[in-house]
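These protein sequences, in sequence, are chains A and B. Quick note on numbering: the first sequence equals residues 11 to 96 in my numbering. Quick note on numbering: the second sequence equals residues 947 to 1178 in my numbering.
If you're looking for bench data, these hints aren't it; they were derived computationally from the structure. Built from N, CA and C at the ideal position, the CB exists for glycine as well.
Derived DSSO-like pairs (lysine-lysine); straight-line CA-CA distance at most 27 Å:
| # | chain 1 | residue 1 | chain 2 | residue 2 |
| --- | --- | --- | --- | --- |
| 1 | B | Lys1131 | A | Lys26 |
| 2 | A | Lys59 | B | Lys1129 |
| 3 | B | Lys1076 | B | Lys952 |
| 4 | B | Lys1069 | B | Lys1044 |
| 5 | B | Lys952 | B | Lys1044 |
| 6 | A | Lys25 | B | Lys1177 |
| 7 | B | Lys1131 | A | Lys23 |
| 8 | B | Lys1048 | B | Lys1068 |
| 9 | B | Lys1068 | B | Lys952 |
| 10 | A | Lys23 | B | Lys1176 |
| 11 | A | Lys25 | B | Lys1176 |
| 12 | A | Lys25 | B | Lys1129 |
| 13 | A | Lys23 | B | Lys1177 |
| 14 | B | Lys1177 | B | Lys1129 |
| 15 | B | Lys1176 | B | Lys1129 |
| 16 | B | Lys1048 | B | Lys1069 |
| 17 | B | Lys1044 | B | Lys1076 |
| 18 | B | Lys1131 | A | Lys25 |
| 19 | B | Lys1177 | B | Lys1131 |
| 20 | B | Lys1048 | B | Lys952 |
| 21 | B | Lys1048 | B | Lys1071 |
| 22 | B | Lys1071 | B | Lys952 |
| 23 | A | Lys59 | B | Lys1131 |
| 24 | B | Lys1048 | B | Lys1076 |
| 25 | B | Lys1129 | A | Lys23 |
| 26 | A | Lys26 | B | Lys1177 |
| 27 | B | Lys1129 | A | Lys26 |
| 28 | B | Lys1176 | B | Lys1131 |
| 29 | A | Lys26 | B | Lys1176 |
| 30 | B | Lys1069 | B | Lys952 |
| 31 | B | Lys1044 | B | Lys1068 |
| 32 | B | Lys1071 | B | Lys1044 |
A partial selection of chain B residues facing chain A, derived with a Cβ cut-off under 10 Å:
| # | residue |
| --- | --- |
| 33 | Val1017 |
| 34 | Thr1144 |
| 35 | Ile1157 |
If you want the building blocks of each chain, they are given just below.
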Amino acid sequence: MIFLLKEDILNDKTKKILSYVPSAIFPAIIFPPIFLDSAGAIDIENNPKILASILAIIIGYFSRSIIATIFVGLISYWFLIFVYYQ
Amino acid sequence: MNDRLKTLSRGIIDVSPLMIPVVPFGIIYGVIGMELGLSAYMTFGMSIIIFGGASQIVLLQLFSGGASSLVTITSVGAVNSRHLLYGAVFSEYLSHLKLAWKIILSYVLIDQAFAVSNTYFKKNKNNTFKHYHLLGAGFTCWTIWQISTILGIVLGSVVPEELGLSFTISLTFVALLINDFRKFKNIIVMLVSGIVATIGYNTIPFQAYIIVAAIAALLVATLLTLITLKKN
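So that you can see chain B by itself, here it is in the shape it has in the complex (with noise of 0.2 Å):
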């Protein structure tokens, strides 16, 4: 077997093992995606543009809720980020590539692609083919959510709407801020945009109620960040 196939196949093989628990995902993304009335099409197009779980399901739920544009954009990206800090990582390793290998490893490089093929990179440095690894992960990841996307959008009209399935987006972001709880200045900045947002939802006309929230609670990380800084 030639050193690319070899090192195709080994990214397939390293990250076979996570994507379990991404089937599932996927199917509840593509039952949530009919749950909330848009059309097959359009929930399988964003698995193939965005290809990103948790964005996806926050797309979603801003897009039925209404939300404005610029509420919608800031969201998927803030979700997003940290793929900014997968790809300074992997300039390393990558930077010598032709654009064209760059555009297509940054999009199939997710959270898990990248778990994996950072540390094959990491012990073979050396290898020319170094980034097929990352190839082979990352259209496993690809396949497999596709795929699951596809089973989520047929089962949608099946699943009976009390399994409650749209509390997963609240969990899916509970999920992403899992980083923060360990801050404590981050738990009030939590705490405030919560309870706004709470009391908010009736008081404040045109669904404004999220980034009401929002700035509210950016205005008292402002304070926190202000104070601390001054006692340093």
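The shape of chain A in the complex, shown without the other chains (with noise of 0.2 Å):
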């Protein structure tokens, strides 16, 4: 591929746009299962795995590490459901 694709093959602009592109798939696959319960409606209150996102979040944004965020997010999710809400 890098020997494939010359530098001025896209432009600027196309470039700049297609750079988004995770930020435009990710989240439509993120959301869905977090905000919505079993039954397809949309759950806020007391959802944990809302929390757990956000606290995974915040370390991912500090940390920088695929790792790190995953592993905060499920062991504070497993905190929130088998702690915290019993």
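Dock chain to chain to rebuild the complex, using the hints, since each chain is given by itself in its own frame.
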């Protein structure tokens, strides 16, 4: 790929817009399973997934580590469902 | 010890500490594969063919959700696009190698191997056998990943569903966006995509909510880009 793609094939504007592709695709996969319950209704109150995701985002923002983000999110989710909400 | 072996084992030693978080990640991947109803061969085969944790979880999610091949291929490609940059960085050190070497090394060039070999290459530019470092680091990652995938597949039937391991899919995508959280325009694009998908989940037919949300968000991204270009 690196050898096939020459710098000037895509203009700057297109490249700039393409750089938004992850930001445009991933939230569409992230949001529904977090904000919707199993019946498909929006569930915001007492939703441990929202809290755990916020914690994961904070850790990800500061650590910039993929693995740390995933594990903080998962561990805080487990804490919420097994300890806090019990 | 000859230089080849020395460099190879240096690579193995350098990457080893980075393998600690990879083990639970591989197990989670195997468990999710089983939870989503894929066969053991398919789950393991994906680890052999793709060999990339986050992108494999993305593929599992989209595949089981019935997403179109276009969305699936684009998303897995988007997740793995950072490897193009790794290849570009390493071409400085490895472009003289034979094609077979390049193919093998590109296959094992993942985040952890890139991180340690990049440091090594910078310090040891003149080592004729420096590519053995990447070979050692890369195949260590590969071996650990395959073993932990198998562990996950075996544990898949034992791990209770209450653990909610499928939540790690959402978390993986969140983690892949960490570098974009600092950019205000990206956050706007993310919110548009997420809100359109959440509302469209029940209203847009054929599970097309992902691509509809992505197109809506890209339109907003285009607008934002055009506005900024005009200002400058």
